[in-house]
Amino acid sequence: MTEQIKLRQIDEYRWEIPQEGKMRTRGLIFASKEMLPKIREDRSLEQVANVATLPGIEGPSMAMPDIHWGYGFPIGGVAAFNLEEGVVSPGGVGYDINCGVRLLRTNLERAEIEKKIEELVDTLFNNIPTGVGSRRKDLKLTVPTLREVLLYGAKWAVKNGYGSEEDLAHIEAGGCIEGADPDTVSQFAMDRGRDQLGTLGSGNHFTEVGFVEEIFDEKLAEALGLFKGQVTVIIHTGSRGLGHQVCDDYIKVMLKASEKYGIWLPDRQLCCAPIQSPEGKQYLAAMAAAANFAFANRQMITHWVRESFEQVFKMGPRRLGLELVYDVAHNIAKIEKHVINGKEKTVCVHRKGATRAFPPGHPETPPAYKETGQPVLIPGDMGRYSFVLVGTQRAMEETFGSTCHGAGRELSRHAALKVAKGRNIVKELAAKGIIVRGAGRATVDEEISEAYKDVESVVNVTHGAGISTKVAKLRPMGVIKG
Amino acid sequence: MGPKRRHRPYRTLSHTADLKLRIWGATLKELFENAGAALMATITDRRGLRAKETEEITVDAPDREALLVAWLNHLLYLYDVKGFLGRDFTVLDLSSEKLRARIRGEVFDPGRHVSKTAVKAATYHQLEIRQTQDGWQATVILDL
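Residue numbers (the numbering used here), protein chains in the order written: chain A, 1 to 482; chain B, 1 to 144.
Isolated chain A (complex conformation) (with noise of 0.2 Å):
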């Protein structure tokens, strides 16, 4: 294999690589010593040292403790880099711009609900467009619409009856990135857009009911409305194709405009353009627009869920209490102002596979947390738990206020069809107390529990090193799948 990069211990959870070669600047990864091994059995540590080649890096290049091989960039990979000399790059996103999660809260306690939970199940299934081909019947979308779905994002969604304005205010970026231009959005994009939004989608998204198992910090858990045994929702889905061809459809104009600012790149996927070329600026644009397209969706899923949950329980809207605690993007590119070597600066953070996690008192963190720090969703395997932490000052200091999003694969699909091969995964899962409905046989059986790593061991180091601080764990009851 290729040659073993050298890592250096700093602390019980930070490595680093040494800065080298064509290195601008050093390495930091996030994990423990048991994660190690396993790191280091793909090429995700040559990815951050790749990544830290390029021009205008601010700060390190970094990698959260869920991380893995990725396109150029690693999942679980965070890097800054300067307006003035510093690039965008779309595999330093992801093909699905704006894949990220959201966290409802309610009014009620597991044991009010248990009863009803295959109903539940279904009616979110029949409510809410998951896999393949599925769409609301009340929903057809036209160009201009589909215009204003990329300009104004979750604002969109809600002046169209898609929740309320309180909603906005505890989604990232309020729901809708500024500077998003639909015209740098090709008309491919917007073809497989438009019959896509307000669907679920399908492999590693979901919409799941659950209940808050344990509360690690009582107060941060009350100002964020959450209590022992309370139900929950989680919202996990994306751009869907509209995302993904936008980042296809810039990754050609990139590997193009690489080369025409001379950049020299150590991995063909880290192609990119300086942030104030047109390319740049358009790659800006249309990433924006696709985020919003991701915002309106979970804004309108929200809606479904809400509907579902009032034909069920037969109650209103103020007894259920389904609010939004919060909902976080975890593979976009932000302009956002840090400080660095004492004086602030403005840069564009890309997370790929890692989550904004802003401290108490920032002008960006929502009024309600504005003493706790911004609420941080890591969802984890269908079969075991997610969590919730909020933002700290120190991850503002070292990691440019982010932090991990999630378990990470351990098994290939195809080991994980294999692991799954002549068990009914379904019933086992309903034995431990989860009712899965996939639209999808295999989806379901690429989606065990074996096939990803602990999301906990993850949590724990984030919160172990200080870049987030855990405040609940949530368990699944029902889960809905593409």
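Among the hints, a few may not be true.
Claimed, not checked - No farther apart than 25 Å at their CA atoms in a straight line, the calculated lysine-lysine pairs in the DSS-like style are these:
#  : chain 1 : residue 1 : chain 2 : residue 2
1  : B       : LYS20     : A       : LYS418
2  : B       : LYS20     : B       : LYS98
3  : A       : LYS432    : A       : LYS418
4  : A       : LYS6      : A       : LYS38
5  : A       : LYS252    : B       : LYS52
6  : A       : LYS137    : A       : LYS337
7  : A       : LYS421    : A       : LYS432
8  : A       : LYS38     : B       : LYS20
9  : B       : LYS29     : B       : LYS98
10 : A       : LYS370    : A       : LYS473
11 : A       : LYS252    : B       : LYS82
12 : A       : LYS252    : B       : LYS98
13 : B       : LYS20     : A       : LYS421
14 : A       : LYS137    : B       : LYS20
15 : A       : LYS260    : B       : LYS98
16 : B       : LYS29     : B       : LYS52
17 : A       : LYS137    : A       : LYS159
18 : A       : LYS427    : A       : LYS453
19 : A       : LYS228    : A       : LYS22
20 : A       : LYS22     : A       : LYS6
21 : A       : LYS418    : A       : LYS453
22 : A       : LYS140    : B       : LYS82
23 : A       : LYS432    : A       : LYS228
24 : A       : LYS473    : A       : LYS219
25 : A       : LYS370    : A       : LYS421
26 : A       : LYS116    : A       : LYS432
27 : A       : LYS281    : A       : LYS256
28 : A       : LYS252    : B       : LYS29
29 : A       : LYS281    : A       : LYS115
30 : A       : LYS281    : A       : LYS260
31 : B       : LYS98     : A       : LYS256
32 : B       : LYS20     : A       : LYS453
33 : A       : LYS219    : A       : LYS260
34 : A       : LYS116    : A       : LYS427
35 : A       : LYS116    : A       : LYS473
36 : A       : LYS473    : A       : LYS228
Unchecked claim - Pairwise CB distance ranges (calculated):
#  : chain 1 : residue 1 : chain 2 : residue 2 : range
37 : A       : GLY262    : B       : GLU56     : 48 to 54 Å
38 : A       : ARG40     : B       : ASP93     : 43 to 49 Å
39 : A       : LYS116    : B       : ASP109    : 30 to 36 Å
40 : A       : GLY262    : B       : SER96     : 55 to 61 Å
Since the hints were derived computationally from the structure, they do not count as laboratory data.
None of these values were measured; they are calculated from a predicted model.
Ideal placement from N, C-alpha and C gives every residue a C-beta, glycine not left out.
Start from chain A and add chain B according to the hints.
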């Protein structure tokens, strides 16, 4: 000279998060046809597909490898926008920058067709097309 080696038109190689395809063809045209079939086999059970409709498409790209990615991504586009899945692939014209193909297949029917793995895109990661002793071989990774 011994018997000609029989090659499987495509197979999957190990990759944790995504899918790595190894494709073979006696000619480049066949390689691209088998790549299309490999993609379809990932998305659905090809045995359920019927040759009811025809799509004729043209794709272009700066080089042959990029053309393979563009071809597969165009098939994903057809699937997203029309639900169209190809059963029989015939490459009519192929250069290192342009491909014209006829595909016979049908629209996905949730009642009849099996939904296997959702594919987001074909990527440039580890992308390779090379000539072998008895044909052509390609490697392409699909983002799932």
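Against the structure, the hints come out as follows:
| no. | hint | result |
| --- | --- | --- |
| 1 | LYS20/B - LYS418/A | holds, 17 Å |
| 2 | LYS20/B - LYS98/B | holds, 24 Å |
| 3 | LYS432/A - LYS418/A | holds, 21 Å |
| 4 | LYS6/A - LYS38/A | holds, 15 Å |
| 5 | LYS252/A - LYS52/B | violated, 33 Å |
| 6 | LYS137/A - LYS337/A | violated, 43 Å |
| 7 | LYS421/A - LYS432/A | holds, 19 Å |
| 8 | LYS38/A - LYS20/B | holds, 20 Å |
| 9 | LYS29/B - LYS98/B | holds, 12 Å |
| 10 | LYS370/A - LYS473/A | holds, 22 Å |
| 11 | LYS252/A - LYS82/B | holds, 24 Å |
| 12 | LYS252/A - LYS98/B | holds, 15 Å |
| 13 | LYS20/B - LYS421/A | holds, 21 Å |
| 14 | LYS137/A - LYS20/B | violated, 36 Å |
| 15 | LYS260/A - LYS98/B | holds, 23 Å |
| 16 | LYS29/B - LYS52/B | holds, 23 Å |
| 17 | LYS137/A - LYS159/A | holds, 20 Å |
| 18 | LYS427/A - LYS453/A | holds, 22 Å |
| 19 | LYS228/A - LYS22/A | violated, 51 Å |
| 20 | LYS22/A - LYS6/A | holds, 15 Å |
| 21 | LYS418/A - LYS453/A | holds, 17 Å |
| 22 | LYS140/A - LYS82/B | holds, 16 Å |
| 23 | LYS432/A - LYS228/A | holds, 20 Å |
| 24 | LYS473/A - LYS219/A | holds, 15 Å |
| 25 | LYS370/A - LYS421/A | violated, 49 Å |
| 26 | LYS116/A - LYS432/A | holds, 16 Å |
| 27 | LYS281/A - LYS256/A | holds, 15 Å |
| 28 | LYS252/A - LYS29/B | holds, 23 Å |
| 29 | LYS281/A - LYS115/A | violated, 52 Å |
| 30 | LYS281/A - LYS260/A | holds, 15 Å |
| 31 | LYS98/B - LYS256/A | holds, 18 Å |
| 32 | LYS20/B - LYS453/A | holds, 21 Å |
| 33 | LYS219/A - LYS260/A | violated, 54 Å |
| 34 | LYS116/A - LYS427/A | holds, 17 Å |
| 35 | LYS116/A - LYS473/A | holds, 23 Å |
| 36 | LYS473/A - LYS228/A | holds, 9 Å |
| 37 | GLY262/A - GLU56/B: 48 to 54 Å | violated, 40 Å |
| 38 | ARG40/A - ASP93/B: 43 to 49 Å | holds, 46 Å |
| 39 | LYS116/A - ASP109/B: 30 to 36 Å | holds, 32 Å |
| 40 | GLY262/A - SER96/B: 55 to 61 Å | violated, 25 Å |
Of the numbered hints listed earlier, those contradicted by the structure are 5, 6, 14, 19, 25, 29, 33, 37, 40.
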